[in-house]
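Asker: As given, the protein sequences belong to chains A and B, one line each in that order. Read in our numbering, the first sequence has 24 at position 24, and its numbers run on one by one without any break. Heads up, our numbering is the position in the second sequence plus 1000, with the first residue counted as 1.
Treat the hints as calculated values from the structure; they're not laboratory data. Just to be clear, a hint being listed does not mean it is correct.
Okay, derived cross-link-like pairs now, DSS-like style, lysine-lysine, Cα gap no bigger than 27 Å in a straight line [to be verified]: (1) A/Lys66 / B/Lys1371; (2) A/Lys66 / B/Lys1320; (3) A/Lys33 / B/Lys1249; (4) B/Lys1249 / A/Lys66; (5) B/Lys1243 / A/Lys33; (6) A/Lys25 / B/Lys1492; (7) B/Lys1371 / A/Lys6.
Across the chosen pairs, the derived CB separations fall in these ranges [stated by the list, open to error]: (8) A/Lys33 / B/Gln1356: 40 to 50 Å; (9) B/Ser1494 / A/Leu72: 33 to 43 Å; (10) A/Lys33 / B/Gly1118: 27 to 37 Å; (11) B/Glu1362 / A/Val47: 39 to 49 Å; (12) A/Pro35 / B/Arg1378: 33 to 43 Å; (13) B/Thr1385 / A/Pro17: 49 to 59 Å; (14) A/Thr26 / B/Lys1339: 22 to 32 Å; (15) A/Ile40 / B/Glu1224: 45 to 55 Å; (16) B/Thr1116 / A/Pro35: 26 to 36 Å; (17) B/Ala1411 / A/Pro52: 39 to 49 Å; (18) B/Ala1504 / A/Pro17: 15 to 25 Å.
Only a predicted model underlies this, so the values are computations on that prediction, with no experimental measurement involved. Ideal Cβ positions, reconstructed from N, Cα and C, are used throughout, including at glycine.
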Amino acid sequence: MNQLKKWLGIVWMLLGPVAIYYLIKTAAAEISKNPVTNTIIQWAVFVIIFIPIAIGLIIFGYYAFKGEYDRLPENSTEI
Amino acid sequence: MLKEPASHMTQPSQSKTIWQVIAASSVGTLIEWYDFYIFGSLATVIAEQFFPKTNPTAALLSTLATFAAGFIVRPFGALVFGRLGDLIGRKYTFLLTLILMGGSTFAIGLVPGYATIGFAAPLLVLLLRLLQGLALGGEYGGAATYVAEHAPPHRRGYYTSWIQTTATLGLFISLGVILLTRRSLAPDLETSIQRFNDWGWRIPFWASILLVIVSIYIRLRMNESPLFAKLKSEGKVSVNPLKESFGHKTNLKMVLLALFGATMGQGVVWYTGQFYAQSFLETVCHVDFDQSRTIIIWAILFATPFFVVFGGWSDKIGRKWIMLIGMLLAICSYQYIFKQFLNLTQPAGKTELTEQRRSLGEKTILLPKSKTDSIHLRTWEVHYTDGAVFHEVKQDTLWTDPARAAITKTATVYNEKKLDTAAYRKIVMWMFVLILYVTMVYGPIAAFLVELFPTRIRYTSMSLPYHIGNGVFGGLTPFIATLLTTIYVSDKLSGLWYTIIIGAVCFFIGAVYISNRVDPDVND
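With the sequences and hints as input, model every part of the structure.
Answerer: Laid out in structure tokens, this is it:
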């Protein structure tokens, strides 16, 4: 199981940039299709909010790859 | 978490006390959700009053009010009030969020419309809506933490699940108050609706202040959480909860796990079951306004007890698999259930009572961005043998170009559908199933989050993943789903792919990385 957790970490690390790329690509396409302020604001909000979350997913993947989730803490002294 | 010697442990609260704690926490949280939802439920009416489409700046503020409060401000509220809760205590922090929420809701009901004070109106509403979002971001973590820290270890899931019912009940009450007000402002329905749209929409906002006053009174009489009080008396309160929560790898990794392995999927299942489903019935299936709301009211009524059932069950078998199975069932059956909504609201297969067909008039309107081409609309009320009544609208586009006119056919659409009893009941049943999934993913999650983090930074640490999962991933669901249906127009169910993909990723992460262990002790 720990090996699975570790290798899946690579998937999560890759999923982050893929999500950012897809988001920016879709935002650009939708804005160019309908370049009014409301569309720009909506997609700008999406991009601004989801980029940090995608970075969080990359960090999560990195921790998983490094084996940080092999054993979860069972008490607060471990946190 | 770490077991301390028995003499140092906080004794579980007495049964009477814990019910007082639950009642006081739940009533306040319920009111906060009610306050938050009435704005959403009245969005169309509010838009007409404050955000006229003719004024682009006002329309822009409308977009900001919708987005900013739900998606940006809630996680900030979680950080601001979570930090306060870990520094000064749970009791005063969530008292503050209650006052902030109640005050801003009441004030929205007082703001004069755009027609009276112009641009100041949408600006004030936006500001108050931001305050609502901020307050909501701080409330939930406090209430869940407060109840969990009073609950005996073997009943933590059960007791915190009462807090979990409040979000759904808040929606239930908001829908109920709106429907009741909408129908009771005049003897005949049409005048009543007219009055409601003019000024009656303010009543649900004003009603909030009475509920808030009662709740503040109850909360003021409560004591501080025993675990936080103990920590404070020992001088072990966190000096910098934000740094400890997100600056240290050991805690940050648990915050990320909570977000990607639980709250992200919970958020999309929650908002698909209770909001996108309602919006789908109204905008895709074109079910009558009142019926689409009573359908969800019935479903909520039948499903709400299951929050407590699954919360209590999680004390026995663990939180993880109840949440994840709920998520899995949801993502596997959404396409089928929403297809049933479409099928049950179609006129195909129905027999019309032709003698009862009644014309509701006709009109011609110019096509958008055109000065010569227009649409001619003829509307009838159509009755069927099974008791259903639909509005049938025939649309003829009147082109000035004869070539285009020659190839254009009359389009027939059905809207304002009043369903027959059998179809209505079946839709209530499917809606119940959707909310049952919500109870599975949401019922045990407060106890799950509380057990992940230590007392000194619990409020901060659990609030952020909850509000990113619920507010950002969940809150965006209706919008992204609707957006997808406008991009992939041929597939009316394409909106569900957002929920299905996010839910599937979350299920996978949760299944592989989360532990099913129920923490015996959250005293540390």
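Asker: With reference to the structure, classify each hint as holding or not holding.
Answerer: Consistency of the hints with the structure:
1. A/Lys66 / B/Lys1371: 65 Å, violated
2. A/Lys66 / B/Lys1320: Distance of about 23 Å is within 27 Å: holds.
3. A/Lys33 / B/Lys1249: 42 Å, violated
4. B/Lys1249 / A/Lys66: 12 Å, holds
5. B/Lys1243 / A/Lys33: Distance ~43 Å between B/Lys1243 and A/Lys33 Cα, so the pair is violated.
6. A/Lys25 / B/Lys1492: At roughly 23 Å apart (the allowed maximum being 27 Å), B/Lys1492 and A/Lys25 satisfy the hint.
7. B/Lys1371 / A/Lys6: It is violated: about 63 Å lies between the C-alpha atoms, which goes past 27 Å.
8. A/Lys33 / B/Gln1356: 40 to 50 Å: 45 Å Cβ-Cβ, so the 40 to 50 Å window holds.
9. B/Ser1494 / A/Leu72: 33 to 43 Å: 37 Å, holds
10. A/Lys33 / B/Gly1118: 27 to 37 Å: 33 Å, holds
11. B/Glu1362 / A/Val47: 39 to 49 Å: 45 Å, holds
12. A/Pro35 / B/Arg1378: 33 to 43 Å: Check passed, 36 Å falls within 33 to 43 Å.
13. B/Thr1385 / A/Pro17: 49 to 59 Å: 58 Å, holds
14. A/Thr26 / B/Lys1339: 22 to 32 Å: Roughly 26 Å apart at Cβ, these two residues keep to the hinted range, so it holds.
15. A/Ile40 / B/Glu1224: 45 to 55 Å: 47 Å, holds
16. B/Thr1116 / A/Pro35: 26 to 36 Å: Hint holds: Cβ distance 33 Å, inside 26 to 36 Å.
17. B/Ala1411 / A/Pro52: 39 to 49 Å: 45 Å, holds
18. B/Ala1504 / A/Pro17: 15 to 25 Å: 19 Å, holds
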